[in-house]
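Undergrad: Residue strings, one per chain:
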Amino acid sequence: MKMILVPLDFSDATASVVEEAARLAKAIDAHVILLHVVRLLTPVPRYSTERTNLAEAIRVTEAAAEEELERTKIDLCTRGIAVHTLRLTGNAATDIVEQAEKLDVDYIVMGSHGHTAFYDLVVGSTTSAVLRRSRRVVLVVPAPKKTTKSASRRRERGPRGRLDPQLAVRGKRASP
Amino acid sequence: MKTILAAIDFSPVTKAVIAEASALARATPARLVLLNVTTAKSFVEDYAALRLVLESAEPQTGLPPHAAAIHGDSLQIVGEPVDVILDQAARCAADYIVMGSHGHTALFELLVGGTAAGVICGAQCPVILIPAIGRKGGKQQGLGFRRKDPVRSMERAERQTKRRTPPRPRRPRRPASTA
Chain B
1 MKMILVPLDF SDATASVVEE AARLAKAIDA HVILLHVVRL LTPVPRYSTE
51 RTNLAEAIRV TEAAAEEELE RTKIDLCTRG IAVHTLRLTG NAATDIVEQA
101 EKLDVDYIVM GSHGHTAFYD LVVGSTTSAV LRRSRRVVLV VPAPKKTTKS
151 ASRRRERGPR GRLDPQLAVR GKRASP
Chain V
1 MKTILAAIDF SPVTKAVIAE ASALARATPA RLVLLNVTTA KSFVEDYAAL
51 RLVLESAEPQ TGLPPHAAAI HGDSLQIVGE PVDVILDQAA RCAADYIVMG
101 SHGHTALFEL LVGGTAAGVI CGAQCPVILI PAIGRKGGKQ QGLGFRRKDP
151 VRSMERAERQ TKRRTPPRPR RPRRPASTA
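Chains as they are written, first to last, in our numbering: chain B, 1 to 176; chain V, 1 to 179.
One-sided and incomplete, this derived list gives chain B residues near chain V with beta-carbon spacing under 10 Å:
hint	residue
1	Y107
2	S112
3	L131
I should point out that these hints are in silico values taken from the structure, not numbers from a laboratory.
Since this is a predicted model, take the numbers as computed values, not measurements.
Using N, Cα and C, we set each Cβ at its ideal position, and we do this for glycine too.
Chain B with its partners taken away, still in its complex shape (with noise of 0.2 Å):
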């Protein structure tokens, strides 16, 4: 049985990432494998307090994307396709490209952006580590169609709206 991993990340990109990774499920007769990775938080050490408010906020993260997956495993289990979840936390790039290797799948079908594509902003980050490092057959499926008015603030903004501050600064600064 062929298989296909689609790692998810919940932006705009999903959709199209699903509709395709389900279309080719469907011409090749494959088992498709949903993942999400919750990107860890990276803190200043200081105080311990912090430290548990980080480890409860990827708890209610991690427990907010198993819901997202099952929604979507739901959606595609109705149209007739074979779908596992798996939800991991840690560096995206480096659990996509373990997993394909552990599970020993035939094909990746990821975003050409989206996924956390601040600072890639011709291939996202994600997606381009992952074609660097795994030597697993990689469907690229493009961004869907934004005007440029919204493509450049989702430029200024991280996937899911928030405002990164890291480029929000350099946005401000004439000259670094």
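With chain B held as given, fit chain V onto it using these hints.
TA: Same frame as chain B, but now just chain V:
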């Protein structure tokens, strides 16, 4: 009928690209268009090679031609690889572009082959990237060592700060197989 555009450059990846593209063409099913973009200099040799690949594409599927049922086309165009691939993909309304992720003049491009990166950026359809074979994965593969559960290690760090005992110094990692 869908269309798959396979961009080939006769590098070591080409065989895998054609195998993948023809497998997908059979499964979908789709029309397979082989595209080779070349510079004027290497035109003649590449054309001979393209004929050879085309002739061998059918037997590679391991099925008799009528069972494999891959309808195909082949193109050889002189020009800038990224532009030509994108132009041809638009022209034949490709549903997939299949190509090698490296090896497309990737001697200087350390990240992703320049051609592959350009095609990903400009493509309107999904791009299937075949990894180069025989590449040294080495350390980058990130396997073979155990990874910790990050939340658990965070909790452990928390406990350690409460105990106020400095964490034991780690043994320096020995370099892998110096022998």
